[in-house]
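Mapping to the working numbering: the sequence shown position 130 is 134, numbers consecutive.
Watch out, some of these pointers could steer you wrong.
[Unchecked claim] Computed Cβ-Cβ distance ranges for the label pairs, DEER-style:
hint : residue 1 : residue 2 : range
1    : LEU11     : PRO45     : 18 to 28 Å
2    : TRP77     : PRO43     : 34 to 44 Å
3    : GLN88     : MET66     : 12 to 22 Å
4    : ILE6      : PRO45     : 57 to 67 Å
5    : ARG115    : ALA155    : 19 to 29 Å
6    : LEU11     : GLU143    : 54 to 64 Å
If you are wondering where the hints come from, they were derived from the structure by calculation, not from laboratory data. Just so it is clear, CB atoms sit at the ideal spot from N, CA and C, and this is done for glycine as well.
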Amino acid sequence: MIKKVALVLAVVLVLIQFIRPAIHTTFVAQPKDLFALHPAPAAVQEKIRDACYDCHSMNTRMPWYAQVQPIRWWLADHIREGRQHLNFSQFADYPAKRAARKLQESIDEIRDDEMPLPSYTWIHTDARLTAEDEKAITEWLASVRDQIKAAGAESPSR
5 MIKKVALVLA
15 VVLVLIQFIR
25 PAIHTTFVAQ
35 PKDLFALHPA
45 PAAVQEKIRD
55 ACYDCHSMNT
65 RMPWYAQVQP
75 IRWWLADHIR
85 EGRQHLNFSQ
95 FADYPAKRAA
105 RKLQESIDEI
115 RDDEMPLPSY
125 TWIHTDARLT
135 AEDEKAITEW
145 LASVRDQIKA
155 AGAESPSR
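All chains, full assembly: derive it from the sequences and hints.
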């Protein structure tokens with residue numbers, strides 16, 4: 005009986021490898037990207053890319069284990085959800101108020117150690133933020149937020 009169950013599980017595991025959700029990624033420069041609109045210091049940009057961009061942009065670096073089902077399903081759903089909350093690759097599409105709010109939410113989540121997710125930093129050690137990283141990132145995000153608010157106050161059409 006155990007052999008039959010193991011065989012069925014093995015067959016199911018093999019068959020689900022053919023059901024592969026699409027995870028749309030690109031590594032072409034995105035004209036609507038946050039950094040295209042608001043250049044950041046190299047160290048800040050690198051750390052934001054390492055800690056945030058896999059789930060919150062179209063520049064997702066897929067690890068080798070993303071080729072295995074059902075892990076890919078979980079990752080695809082996680083990335084889709086992350087992009088729904090905030091997509092740095094489409095930052096120019098956000099109206100000024102929403103963009104400023106998204107940046108403030110990012111600041112709050114970084115300060116509260118909610119982002120990047122512990123489950124992500126456990127595997128992706130380069131995404132871990134030191135106190136200095138957090139300070140540099142949140143200060144830069146706050147400066148961009150303030151620029152957006154100031155520009156939004158000058159131009160109510162956006």
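- Item | Hint check for GLU143 and LEU11 - Cβ pair distance inside 54 to 64 Å | holds, 58 Å
- Message: Quick check: does the Cβ-Cβ distance between ARG115 and ALA155 fall within 19 to 29 Å?
- Response: With Cβ atoms ~24 Å apart, the hint holds.
- Taking 34 to 44 Å as the hint, is the beta-carbon distance of TRP77 and PRO43 inside that range? Hint holds: Cβ distance 36 Å, inside 34 to 44 Å.
- Message: 18 to 28 Å was suggested as the range; check whether the CB atoms of LEU11 and PRO45 agree with it.
- Response: With a Cβ separation near 56 Å, LEU11 and PRO45 fall outside 18 to 28 Å, so the hint is violated.
- Message: Range first: 57 to 67 Å. Now tell me if the beta carbons of ILE6 and PRO45 are that far apart.
- Response: holds, 59 Å
- Query: Does the Cβ-Cβ separation between GLN88 and MET66 fall within 12 to 22 Å?
  - Reply: Roughly 19 Å apart at Cβ, these two residues keep to the hinted range, so it holds.
Violation of the numbered hints given earlier is confined to hint 1; every other hint is satisfied by the structure.
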